[in-house]
Every structure is written in structure tokens, then in C-alpha cells.
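A.B. asks: Chains as they are written, first to last, in this note's numbering: chain A, 472 to 770; chain B, 472 to 770; chain C, 1266 to 1497; chain D, 1266 to 1497.
The set of hints was computed from the structure by calculation and includes no laboratory data.
Examples of chain C residues lying across from chain A (beta carbon under 10 Å, computed):
id: 1; residue: I1343
id: 2; residue: Y1344
id: 3; residue: I1352
id: 4; residue: S1354
id: 5; residue: N1368
id: 6; residue: F1371
id: 7; residue: A1372
id: 8; residue: T1376
id: 9; residue: H1378
id: 10; residue: I1379
id: 11; residue: R1419
Capping the alpha-carbon separation at 25 Å, the derived lysine-lysine pairs in DSS-like fashion look like this:
id: 12; chain 1: D; residue 1: K1384; chain 2: D; residue 2: K1358
id: 13; chain 1: B; residue 1: K550; chain 2: B; residue 2: K601
id: 14; chain 1: D; residue 1: K1470; chain 2: C; residue 2: K1470
id: 15; chain 1: A; residue 1: K617; chain 2: A; residue 2: K549
id: 16; chain 1: D; residue 1: K1358; chain 2: C; residue 2: K1358
id: 17; chain 1: A; residue 1: K610; chain 2: A; residue 2: K550
Label-pair distances were calculated between CB atoms; the ranges are:
id: 18; chain 1: A; residue 1: K536; chain 2: B; residue 2: Y566; range: 23 to 29 Å
id: 19; chain 1: B; residue 1: L710; chain 2: A; residue 2: R552; range: 56 to 62 Å
id: 20; chain 1: A; residue 1: D567; chain 2: B; residue 2: E611; range: 38 to 44 Å
id: 21; chain 1: A; residue 1: H716; chain 2: C; residue 2: S1403; range: 47 to 53 Å
id: 22; chain 1: C; residue 1: Q1283; chain 2: A; residue 2: E674; range: 27 to 33 Å
id: 23; chain 1: C; residue 1: I1333; chain 2: A; residue 2: G489; range: 33 to 39 Å
id: 24; chain 1: C; residue 1: I1333; chain 2: D; residue 2: G1467; range: 38 to 44 Å
id: 25; chain 1: D; residue 1: F1340; chain 2: A; residue 2: M764; range: 40 to 46 Å
id: 26; chain 1: B; residue 1: I655; chain 2: A; residue 2: D567; range: 53 to 59 Å
id: 27; chain 1: C; residue 1: F1340; chain 2: A; residue 2: W647; range: 39 to 45 Å
id: 28; chain 1: B; residue 1: F713; chain 2: A; residue 2: K536; range: 52 to 58 Å
id: 29; chain 1: A; residue 1: E674; chain 2: C; residue 2: E1382; range: 24 to 30 Å
Don't be surprised by glycine CBs; every beta carbon is placed ideally from N, CA and C.
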Amino acid sequence: MMFFLQYVIRRTFQNMMGNLFSNLITIGIIAISMLIFSTFTLLAFNLTNFLKIWEDKIEVIAYLKRGTPSSEVEPLLKKTRLLEGVETVRYVSPYDAMGFMETKLGGQKNLLEGIQPAVLPPSFEIQMKKDYRNSTKIKEVVAHLKEIPQFEEIQYGQEWVETFSVLVHILRLTQWILGGLLLIAVVFITSNTLQLTISSRREEIEVMHWVGTSPSFIRIPFYLEGLIQGFLGGGLAILFLFLLHQGLFLYIPPSMQAWLAKIPVLFLPLETIAWILLGGMVLGFFGSFVASMRVLKYK
Amino acid sequence: MMFFLQYVIRRTFQNMMGNLFSNLITIGIIAISMLIFSTFTLLAFNLTNFLKIWEDKIEVIAYLKRGTPSSEVEPLLKKTRLLEGVETVRYVSPYDAMGFMETKLGGQKNLLEGIQPAVLPPSFEIQMKKDYRNSTKIKEVVAHLKEIPQFEEIQYGQEWVETFSVLVHILRLTQWILGGLLLIAVVFITSNTLQLTISSRREEIEVMHWVGTSPSFIRIPFYLEGLIQGFLGGGLAILFLFLLHQGLFLYIPPSMQAWLAKIPVLFLPLETIAWILLGGMVLGFFGSFVASMRVLKYK
Amino acid sequence: MNEAMIEMHHVFKTYPSQISALSDITLEILPGEFAFIVGPSGSGKSTLLRILFCAERPTSGEVVVHGIHITQPDFKKIYQLRRTMGIVSQDFKLLRDRTVNENVAFALEITGHIREEAKSKASEILRRVGLEEREGDSILALSAGEQQRVAIARALVNSPPLLLADEPTGNLDARMTLDVMEIFTDLHQKGTTIVFATQFTGLIKRYSYRAIRLLDGRKADSHKVEEVKATG
Amino acid sequence: MNEAMIEMHHVFKTYPSQISALSDITLEILPGEFAFIVGPSGSGKSTLLRILFCAERPTSGEVVVHGIHITQPDFKKIYQLRRTMGIVSQDFKLLRDRTVNENVAFALEITGHIREEAKSKASEILRRVGLEEREGDSILALSAGEQQRVAIARALVNSPPLLLADEPTGNLDARMTLDVMEIFTDLHQKGTTIVFATQFTGLIKRYSYRAIRLLDGRKADSHKVEEVKATG
Ligand SMILES: Nc1ncnc2c1ncn2[C@@H]1O[C@H](COP(=O)(O)OP(=O)(O)OP(=O)(O)O)[C@@H](O)[C@H]1O
Ligand SMILES: Nc1ncnc2c1ncn2[C@@H]1O[C@H](COP(=O)(O)OP(=O)(O)OP(=O)(O)O)[C@@H](O)[C@H]1O
Ligand SMILES: [Mg+2]
Ligand SMILES: [Mg+2]
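Make the full structure from the sequences, and use the hints.
C.D. replies: Structure, rendered in C-alpha cells:
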């Protein structure tokens, strides 16, 4: 057993060194494929994360009739809080509204100079429960709100909610399509290189058959080669992705960094990294398996 | 000559058919590399295009002192127009400002109900000449504007202008780095496959040398193979990119399409397509050239 | 089981292109025997050896080697059978990018000998065929006759009970042929069964071993096995 | 220029591993001559032919073929020289994945013959070596002797003025050897220069051509060129 392992490792090494250039290329190609895939995974991960933060911000604004007496506000707040799907409700006074407008107008806030807050309507900012943060459920809640007579108008980012759903949908779909394509590509590429490795060793393999080498002695080194290629390819991809991720921050000017700081740009969690490495190995193995099925017939 | 061409084409065909699988893989890999590159080119093309449209929108807003008599507006307009770098100046009355705020606030425009336009300040929207649309030049113009006493405040999207410059910078840099990397990758990959093609034909090439085949008879078919691989890879990349580009519109929900309609999403111009195909061929050729340098020594 | 080392019963071999290489061959080779297979070029000598070596399957008939029916062998087990045989192929089947010693040691390594042991055993057998000075050279650096001797060394290194040699002296000069024949005679005396295919009738005249003559392989009905006892 | 077809002046060939294969060889072969190169295995016969064929460069000395100094030839021009020679290599150098006819036609095609012409010319020469029935078979489907005849056919198909044959009858039985020798004799009578390397002294005894004997290649100082005239 010890001997077998030693033999297999030596032979795998010999094989890889003998076709060093094409091995490097294969590893490079696997790395590129995996890099594309994992860049995408990273993007999806961050986008999902970002969307989750954003999702939390989906809210319904109910404008109260101008001049609603403040005594009515408290019971109305209670009533609204009890509605199905509502998580929190915050009262926005006309003064708060003024502040909000100033922020929103940013550079052009001078426009507001001389405006009295009193002319602005008060409003409720209503946060939905997690499960209610999608277009159909929100519509139901809004319908309930509209039944309350003290509200002048109900507003919510309907467009955004819809776009959000579509975005998530596109993202998931692309992930699967792209992922599938790249996986197939990696298997093909590994299989191809190994097939070429094997055919460049055809003479040797023939001689091995001739002197009575057992099939597993011939095959296992190729399987191992595929595994190693996949592992190194995956590892390189992750390393490169990490450098890219780090480099992003170094390169971005301070002004944008402040902006990015608001959205946390995370790196892939360890578990995902492990999966990517394992995936690379499985793909590499599968590629070498396919190759040996095609080329390594016993003679 | 006729005979030579016929021979070269037949032999190239034989070579490619003999290693059909690895040829398909090479073409696929070239296609993927070129696809990444051309996707990037397309993105850069559209972004540049988009930025150009956006660039046109860079403007300086000069708020006039509240209550500036309308008789003073006309001479002030003239004076501003004569400043260096200024292209057009548009007067925005308080009523126009009201309309602008309504648009800007979108869903929350109810906030403005009951506000009198008269409380808003009038302003000038100043368009810069093309050459002045960058942060240093704009600053110069703003300095001149500040010297005019009738202006209360001068505002311009300084942050955006800076971000814009950085974006263009990053874009250009990435294009060259990515482009360079991918080009090298394509040369390597083509070179590798052709090297493997050549080694799988080693015996044959040895025999060819043995019977007195001229070196060009041996090499030219391999060069042609590289050329064809590059061409097909490039072609596939463009075809795929085109399908992606078209598919984008089919898949996007109507609500987003309307939004996209504002920014024209163009496909690559014919000239760029020709360059990509030519580039693929040059790379393929170069790959086969490198391979034959490495493997095809005359014996 | 049977006491014969090799048995062939009505063996036919017709290649896909309708070439009949062997037709109705029946023969028996006993353990420890030295048998020449003689016949002109194309008479089926190599085909016969390849069938014994499981590198080719007979079209019909039965073949038993070491008491094992190899007519329809388990593909996964062929390698075990091969380890009990040494074969000298007519085209040598050596590894071009390895040295002489590596080529011979290779056959030992894959059967589980550790590297150093394989190397020294290989050296020993190479000395026996007179190539002790060429051990470190690449196979490509050898003349045809030298390559043939490496092939012989590799076949012998495992001390197989059965030796199949296809024209093993075809590239050797008269003196070397004598040397090799001496090695073979020696092995024969130690009990190794030897099947020796050759077209050089000179050899069978010189050595008084049993000779099985194959006739022109192109005419199917003329395939016959004849026993030719040559005298001294 | 010179009137000799082949001239070698004090040619030495020492391989990188310090093996002296040829040492101080001086010889001259005239146009139209038939010359045997004889010597035991490893005496440098193949090396000598490979030098004439520009597949190997001599370590020192001068070699002239067709009046061209090939000691330091222009690499780009070697192929033109090779087209004036037919060579039968000791290891055949045939294309394994092509048919018999394709292997022979190949040598014509690359010199500019159109395909059909090459094919029919190949058929003709293959008939001459007795392989007319095997034209469509793959090289792998041939016995060693048959492959050797394909190699001979390929060397002859271009009707080269100089034929270099390295052990061309090594895998042929007695009858076929006679057939091949007849072809060679025929070519010789038509004016082809033939250099025929072999270790079978039987041949040079039977044919009364000039024989150049190489002695054991291992001892550098024993390399000598002897003229051996055998009698009928
Ligand atoms: N794979 C094959 N396919 C078709 N025909 C074959 C194949 N192998 C051998 N033959 C044919 O079978 C016949 C016997 O071949 P074999 O190699 O056994 O002859 P041999 O006696 O070894 O000849 P030689 O002395 O020339 O080596 C020949 O005519 C040969 O062409
Ligand atoms: N490429 C090489 N590198 C090192 N040594 C070589 C090389 N080629 C041949 N030799 C050695 O040179 C000597 C002469 O070899 P050559 O092949 O010329 O012999 P030969 O007369 O053709 O023998 P044979 O009859 O066995 O074919 C041999 O000892 C051989 O090992
Ligand atoms: Mg044979
Ligand atoms: Mg030789």
C-alpha cells in the first residue's frame, strides 16, 4: 500500500512534469473559469447581501391629512401598528419632513430657504415584516391602510419592489446558467488536457500494458493529476479573487471609499471557498475520468 | 502554387479532423476569452457612450439673490455667457424651480403642496464648453462666477465630476490590463493546443522530414490551423455576444426596458467586430508560430 | 486442469480485412519445453505469439495457457497472466524517453519491487546480455541490435516461467545470436518454457529443439502444424 | 566538383555519451556502384548511413554527396538533398495511421505530384514488392516483413539516383530476400547507386559486389575500412 502510494505520487509527478507546459495551461484555464464563476458568486453574494440591507428599507409612507390634530396621532399609530404585516411605524412630523427634503435635495437645498415646515404634511413611515416585503403582500397591506380615513395618501416604492424581484430572479437564473456552462467547460478542458497527456504517453501506456501493469496502476496517476489540476486551478482562482477584492479598495479614491463603506463589500465565506476548491477537484477528477474512459482502453 | 494551396488546405483539414476534440476545445476557449474581452469592450463602449451623454449634463447652477429685480436678469445672462468656457446659460425662474423639485421628489411631491413658488430663488443653469467639462477647468469657471455679486451661491456636481474622472480612468486601465492578460492567455492556449497537435503528429512529422518534405509544407498547415481557430473563436465570441445583447432586451421586464430606452444600449460597430476577428486570427497565428518554434525543429 | 503449459485446439485467426493468419492450429507445448515456431514472413508467427500473450483474440478455437482458458479472458485479469510471461516483441516495445536500465527496471517496479531493488536486478540482467556499459543511455542512443538485447533483458528480468520470443535474434549478428541462444538454453535447462518464433532456418538446424513450422498464411487451407526435428 | 557519388574523408563520429561509432573513415563510392556496408551489430553501419542522409552530423571529417559538402549543410536545404536519395530505415519509419498505399504515395505527394498520380505510381511499386493485395490495409495490420517491404517501396517510388538501405532484408525470409535483391540488382543495372548496410555475411558471399567492412565500433582505433571482394 505504502509502495503503491509512493509509486502513484512519483508517477503523477513525472506525468505532470513531462507535460509541464500543458499542465500549467490547464491549471490556468481552470483558474480562469473558476475565477469567472467565483467572481460571479462573490458578486451575487454581495448583491444579495446588499439587497437584504436594502430590502429592510422598503417602507410604506402614509401622509396624514394636513392639520390632523396631534391628539389623533397616537391612537392612529396604535391602530396602524396592529395591521397585519406591519412591523414598526414611525411618526414623521412636518419638521422631520423638512429635514428629509433638505437631505434629498442635497446641493440644491437652497431652494427650501424661506419655506415654513408647517406647510408640509405629517406622515407615518411604515416598516413591513420580512415576509411582507414583496409586491403582492405590500399591496394587501396598502389596501388595508387606504381604508383608514385619516390618511390623505399612501405611497410606497412599488417600482423598486418590482425591479428588486426581477433583479433577484435574473441573478439566480444567470448564476445557474453561467455556473452550469462553466462547470461543463472545466470538465471538457481538464478532460481534453488529460486526454492529450494520455495520448502523448500512449507508447508508454502500451508498454505498461505489455509488461503486465495492473489497470489501476495506469489510471490512478491520471485521476490524481486531474484532482491536483482542479485543486490548484480553484486555489489560484480564489487567491486571485481575493487580491482583486483587496485591490479594489486600494485603487478606489477616498471619495468613493466613503461611499462604499456604507455598503459592506464582503469576501466569500470560508465555507464557500471550501466548496469552490472541492468543486475544482471534483471537476478535475471527472475530467480525467472522462479522458481515461475515452483513451485508456486495455489492450 | 495551386497544388501547394490544395495540399495545405487538405492537410490542415486532416490535422484539425484528426484532433477534432481538442480543436473544438481550443476554439471554445478562444471564444470564451474573446467573449470576455469583447463583452468588456462592449461594456466600455456603452459606458463611454453613456458617459458622453452624461458629460453633456454636467452643469453649474448659480443661485441668484432672492428678489433680484427681473430687469437685472437679462444683462447678467449676457455677462455670464461671455465668461470663458461657458457654452449656454438658461434662466430658471422660481416657477421652473418648483417644477424641478416636484420631479426630483417623485413619489413624495405631496410634501410641496401648499408651497408658493415665489419663496424659491431663481437660478442660472450654466452649460460648459466640451473642453471645460472636467474638475480643474470647472473650478476655474466657478471662481470667475463667484466674483459676480448678484449670485448668492454657485453649485456644481463636484463629487460627480471627480467620480466620473476616476471611473473613466479605472475603465481604461482595466481594459488594458484585462485585454493584455486575455491576449496572452489566447496566445498561450492556441500555442498549447497546437503544440499538442504537433506532438501527436510527431511521428508523422519525423517521417515527413525523412522523405524530404520542405519545411514550409510542414509548417504552413499548422499556421493555417491557428488562423482558423482564432477566426472561429473570435466569430463565435461575437455571435454569442450579439445573442446576449439581443437576449438582454427580450428578458428584461417592460418596466426596466422603458428605463433602458433612455440610455441607448448599442452593439459594437462593424469596424470593432472586424478588429476582433482579425485579432483572433493574429493571436491564433501567433500561437501556432510559437508552438512550431518550440516543437518543429528540423531534423 | 491439464499438464501442458500451452494448448491450442483448432485455433483460427482471421483479421477484419479477411486475412487468415492462422487456420486450424492445434498444438501442445509441455512445461520446460523449448519450441521453435518457424515459417516465412507473414506466416502467422507473431499472430500466434500475440494470441498466447492475450494481445489478440483468436477468431475461433481454444487456447489454454498455465491451465487458464484465455480464449475469452477477463480483461481485468490479463495483466496477472502477463506477469507470468516474458515477451520479446518483434518491434521491441521499449520506452524511447527512458534509459536502458529504466526500461528494464520498469517491468519490476510495476509488480511491486522497490526502486533500488529493481535497478540492481536490471543491472544484473543487462550485464548478462552484454549491455553493462550502456545502462545510463537513452534507448534512442542504441543500435537496433542493442535495443533488441534490452528487450530480451526486460523479458527475462522477472524470471518468468514462460518466455515468448518473437524473432529475438533478428537484429543480432552471428556472434551475438550465439550469446543469446546460450542464455536461452541456460534458462531452458533451468526449467523455463520457451517459445521462439523465427524465420531463420539456420537456427533450427543448429539447435536440436522441437520446431513447429507454419506454412504460408495467405492460403487458409495450407495452414498446418508440422513437427520438424532437426539434427544437430 | 568530383566525379564520386559519395566521398568520406577521415570521418569521425563520437556520440555525446563518448561512444565512438565511427573513427577515421575514408571511402569513395562511384556513381552506379553497388556497395555493401558490413559489420557486426553496433559497428556503426546505421550511423554511417544517417550521416550520408544528413540525419546526423559527423564530429569531424568531410562528407560529400552528389558533389555537395554536407558536413555543415544549410538546414533549410537538407530536404532538397533528401529528395535525391531513397532511404530504407532500419526501423522503417512508416506512418502507423495510414494505409500501405498512402505511406508510399506520401513521398510523392510532398514533392508536388498530384494525388491520383501518386496513388497509381505507389500501386505500381507496391506490386513490385509483392504487396498489391495489401494496399488498402493499415501499416499496423502488416507483419514485420511486410512493413519492411513497404519501406523499400517508399524508398524506390521517387526513382532516386542514390539508394541508402539499412538492413533492408532483416525481416525477410530467404525467398523474399532473393526477390528484393533482384529488384536492387535491377536498379543497379539501370544506374542507381546503392549503399546496402547489413550484418548478414551470407548476402555478400552470394553477390559479388564491393563490400566495405566496419569493425567493432567500441574500440576507436580498430575502426578500419577494408575492402572485401567476395567471390560469386
Ligand atoms: N492487425 C492485423 N490486421 C490485419 N491483418 C494482420 C494483422 N496483423 C497481422 N496481419 C496479417 O496476418 C498475417 C500474419 O502476420 P504475422 O505478423 O503473424 O506474420 P509473421 O509470421 O510474424 O511475419 P514476419 O516474419 O514478417 O513478422 C500477415 O499477412 C499479416 O499481414
Ligand atoms: N544517438 C546515439 N547516441 C549515442 N550513441 C549512439 C547513438 N546512436 C548510435 N549510438 C551508438 O553507436 C554505435 C553504432 O551504432 P549503429 O546504430 O550505427 O550500429 P549498427 O552497425 O547500425 O548496429 P545494428 O546492426 O545493431 O543496427 C552503437 O554502439 C550505438 O549504441
Ligand atoms: Mg512477425
Ligand atoms: Mg543499425
